[in-house]
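Asks: Residue-level listing of the chains:
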Amino acid sequence: MPDRPILIVGGGPAGMEAARGIADLGYSAVVVEQKSTLGGTPVHSNYAALTPDFRDASEAMGAMAAAIENRDTVDIRLDSTVTACERRGDDFAVTVETGGTASEVVAGAVILATGFRHFDPGRETQQYGYYEHDDVITLCDLEKMLKAGKVVRPSNGEPPKRLCFIQCVGSRDRQIGNEYCSKVCCGVAAKESIEVRKMVPDCKTFIFYIDMRMYGYWENEIYWPSQEKYKVNYVKGIATEIVKKGDHLIVRGEDTTMGRPMEVPMDIVVLSVGMEASDGTRAMAKLFGVEQNKYHFIETIDGCMNTVTTSVDGVFACGAATGPADIEDSVSSASAAAMKAIASLRAKAAAG
Amino acid sequence: MPLDLTGRQYADVPYEEKERLFEEVKKDLRYEEYLYGCYECGICVAACPSARFYDFSPRKIAQCVAREDADLFYTLLNDSVWDCSQCFSCDRCPRKNSPGGVITLMREVAVKNGLASAQEALEGYGRVVYKIMATGTQVSPDMLQANAFPDWGPHVNDISDNLDEWRRAIPPETLHTTETSWKVDDKTITELYLIWHMTGVMDMIREIDEGLFMILQDVMEEKLEDEGYDVSFD
Numbered sequence: 001m002p003d004r005p006i007l008i009v010g011g012g013p014a015g016m017e018a019a020r021g022i023a024d025l026g027y028s029a030v031v032v033e034q035k036s037t038l039g040g041t042p043v044h045s046n047y048a049a050l051t052p053d054f055r056d057a058s059e060a061m062g063a064m065a066a067a068i069e070n071r072d073t074v075d076i077r078l079d080s081t082v083t084a085c086e087r088r089g090d091d092f093a094v095t096v097e098t099g100g101t102a103s104e105v106v107a108g109a110v111i112l113a114t115g116f117r118h119f120d121p122g123r124e125t126q127q128y129g130y131y132e133h134d135d136v137i138t139l140c141d142l143e144k145m146l147k148a149g150k151v152v153r154p155s156n157g158e159p160p161k162r163l164c165f166i167q168c169v170g171s172r173d174r175q176i177g178n179e180y181c182s183k184v185c186c187g188v189a190a191k192e193s194i195e196v197r198k199m200v201p202d203c204k205t206f207i208f209y210i211d212m213r214m215y216g217y218w219e220n221e222i223y224w225p226s227q228e229k230y231k232v233n234y235v236k237g238i239a240t241e242i243v244k245k246g247d248h249l250i251v252r253g254e255d256t257t258m259g260r261p262m263e264v265p266m267d268i269v270v271l272s273v274g275m276e277a278s279d280g281t282r283a284m285a286k287l288f289g290v291e292q293n294k295y296h297f298i299e300t301i302d303g304c305m306n307t308v309t310t311s312v313d314g315v316f317a318c319g320a321a322t323g324p325a326d327i328e329d330s331v332s333s334a335s336a337a338a339m340k341a342i343a344s345l346r347a348k349a350a351a352g
Numbered sequence: 353m354p355l356d357l358t359g360r361q362y363a364d365v366p367y368e369e370k371e372r373l374f375e376e377v378k379k380d381l382r383y384e385e386y387l388y389g390c391y392e393c394g395i396c397v398a399a400c401p402s403a404r405f406y407d408f409s410p411r412k413i414a415q416c417v418a419r420e421d422a423d424l425f426y427t428l429l430n431d432s433v434w435d436c437s438q439c440f441s442c443d444r445c446p447r448k449n450s451p452g453g454v455i456t457l458m459r460e461v462a463v464k465n466g467l468a469s470a471q472e473a474l475e476g477y478g479r480v481v482y483k484i485m486a487t488g489t490q491v492s493p494d495m496l497q498a499n500a501f502p503d504w505g506p507h508v509n510d511i512s513d514n515l516d517e518w519r520r521a522i523p524p525e526t527l528h529t530t531e532t533s534w535k536v537d538d539k540t541i542t543e544l545y546l547i548w549h550m551t552g553v554m555d556m557i558r559e560i561d562e563g564l565f566m567i568l569q570d571v572m573e574e575k576l577e578d579e580g581y582d583v584s585f586d
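Note that the protein sequences, when read in sequence, are chains X and H.
First residue of the first sequence? That's 1 in the numbering used here, and the numbers climb one at a time after it.
First residue of the second sequence? That's 353 in the numbering used here, and the numbers climb one at a time after it.
This is chain X alone, in the form it adopts within the complex (with noise of 0.2 Å):
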């Protein structure tokens, strides 16, 4: 019906632009998100600034959560889940539980915008000794560093004088069975390598990489002035192991354009790591029976051609729930995922 809501599980980029849009369009929306606060990965994950253009991350967040709250025709539910759906006719009534205290939402439709989840270094291999070294942190470790303003090795709190980053940790690996590219993690890696020259200008800086993917603009923002301007050195090779040596790690890898194997002393090494299905992204596609890919991530249905509409009728999904993708992808697929759930409870309600 029309004048039901529309019901929107996740709180983070995706789910506070598609909300804005039922809203900005006159059409009611109840937002469940499972943490204490709206925001999503860049806030829950501590991101200091956004990939590619350096805006404050908390800031960025915030201006969205603004958007939408203290609106009447948006129901913000915090720390809240959905645990049940049944269809009612074209509805779906929904359980949701807030703090052991269940209610329904009745809903015409439903938006999925349930997120990706960092990929674990130490979960399928040890090849970097993420959980053995203190030094061997990943993308996020580092954000928290740089949002607290402060770059340091957590094995000694000295500032670092070689950092590394490794690419594709957890992406394209047949092996770990991710083999879709990330597709954030060269802009984020370049976006931080950046910030860490600015913060630790003695810090030689090295990207060991398989290929940098800069897509569009973040080839010219991020990558060339990394290069360029504050002298990252990128190195096309990635590392097969990291070892302690006294007070340091050893990256072994190779030197694939000098065509020469690469043994080399630092203080950090950051990893990379992709994206993958969250748990929330798993849960709600097997609650609401939408069909997932092999990797868990949520199917939708005409290929590149409508990236938001799922295997179910009235269900649709944008984000990184559908994929790896960065925030730009998701306010987009957002905004799709918005005007597809109102065309569907428009069709439905003239269809009578």
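Hints may contain errors.
As a list, the in silico DSS-like pairs of lysine-lysine whose alpha-carbon atoms are at most 27 Å apart [stated by the list, open to error]:
{"#": "1", "chain 1": "H", "residue 1": "378", "chain 2": "X", "residue 2": "236"}
{"#": "2", "chain 1": "X", "residue 1": "231", "chain 2": "H", "residue 2": "448"}
{"#": "3", "chain 1": "X", "residue 1": "236", "chain 2": "X", "residue 2": "183"}
{"#": "4", "chain 1": "X", "residue 1": "204", "chain 2": "H", "residue 2": "370"}
{"#": "5", "chain 1": "X", "residue 1": "198", "chain 2": "X", "residue 2": "236"}
{"#": "6", "chain 1": "H", "residue 1": "575", "chain 2": "X", "residue 2": "236"}
{"#": "7", "chain 1": "H", "residue 1": "379", "chain 2": "X", "residue 2": "161"}
{"#": "8", "chain 1": "X", "residue 1": "204", "chain 2": "H", "residue 2": "575"}
{"#": "9", "chain 1": "X", "residue 1": "229", "chain 2": "X", "residue 2": "286"}
{"#": "10", "chain 1": "X", "residue 1": "198", "chain 2": "H", "residue 2": "378"}
{"#": "11", "chain 1": "X", "residue 1": "204", "chain 2": "X", "residue 2": "244"}
{"#": "12", "chain 1": "X", "residue 1": "35", "chain 2": "X", "residue 2": "183"}
{"#": "13", "chain 1": "X", "residue 1": "183", "chain 2": "X", "residue 2": "231"}
{"#": "14", "chain 1": "X", "residue 1": "236", "chain 2": "H", "residue 2": "370"}
{"#": "15", "chain 1": "H", "residue 1": "448", "chain 2": "H", "residue 2": "483"}
Computed footprint of chain H on chain X, listed as stretches where at least three residues anywhere in the stretch have a Cβ under 8 Å from a Cβ of chain H [to be verified]:
{"#": "16", "segment": "226-235"}
{"#": "17", "segment": "258-271"}
These aren't lab readings, by the way, just hints derived from the structure by calculation.
Model, not experiment: these values are computed from the prediction.
Ideal Cβ positions, reconstructed from N, Cα and C, are used throughout, including at glycine.
Position chain H relative to chain X; hints supplied.
Replies: Quick look at chain H alone, frame taken from chain X:
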């Protein structure tokens, strides 16, 4: 010989010395326009004639300096830059790098610092350098000798036997020469000697080839004295 990029052969050269030479290249005003950043596309190597004949890669040059790797820089400075033919085909770089330009700067630094590799690379050019610097011209008619150019055919003998006459048959009087390409007047040669002295070219020659320097010094000091200049090259 294949290029050894391990740096082992220069392990005994102090890192500070390698860095000093690299800094000398980087502080050249042209450096900024010659090097932006390299993403290893290989278009420079594809266009490079030297790369077809030697273990030489303009990409490695660009990459090495972009990485600011002083060890690698030193290896390439010694073992690679002299394989470049300075044709600048590599300038078709999408990042607008000029590996050939970087090599120009590296060669200048190698020469100015009298590196053994520069001396060795330029060893065969002593006569050419002498001729250009002493006379202001390089290829002269008297080089046309049958024993030097057997492939030019039998008439080469006729020409070289009567070179002076053949040359005087050419209408412009300035070409009635045999030992130089054309007639170089006193004012020109005096100015050339002064330029080479004042711009430091003679200092470079001294670093590279002391013997050649001494020969040129004699020729130049005498000429300049005749022209009324009191110049010492020491």
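Asks: Which of the numbered hints above does this structure break?
Replies: Violated: hints 6, 8, 9, 15.
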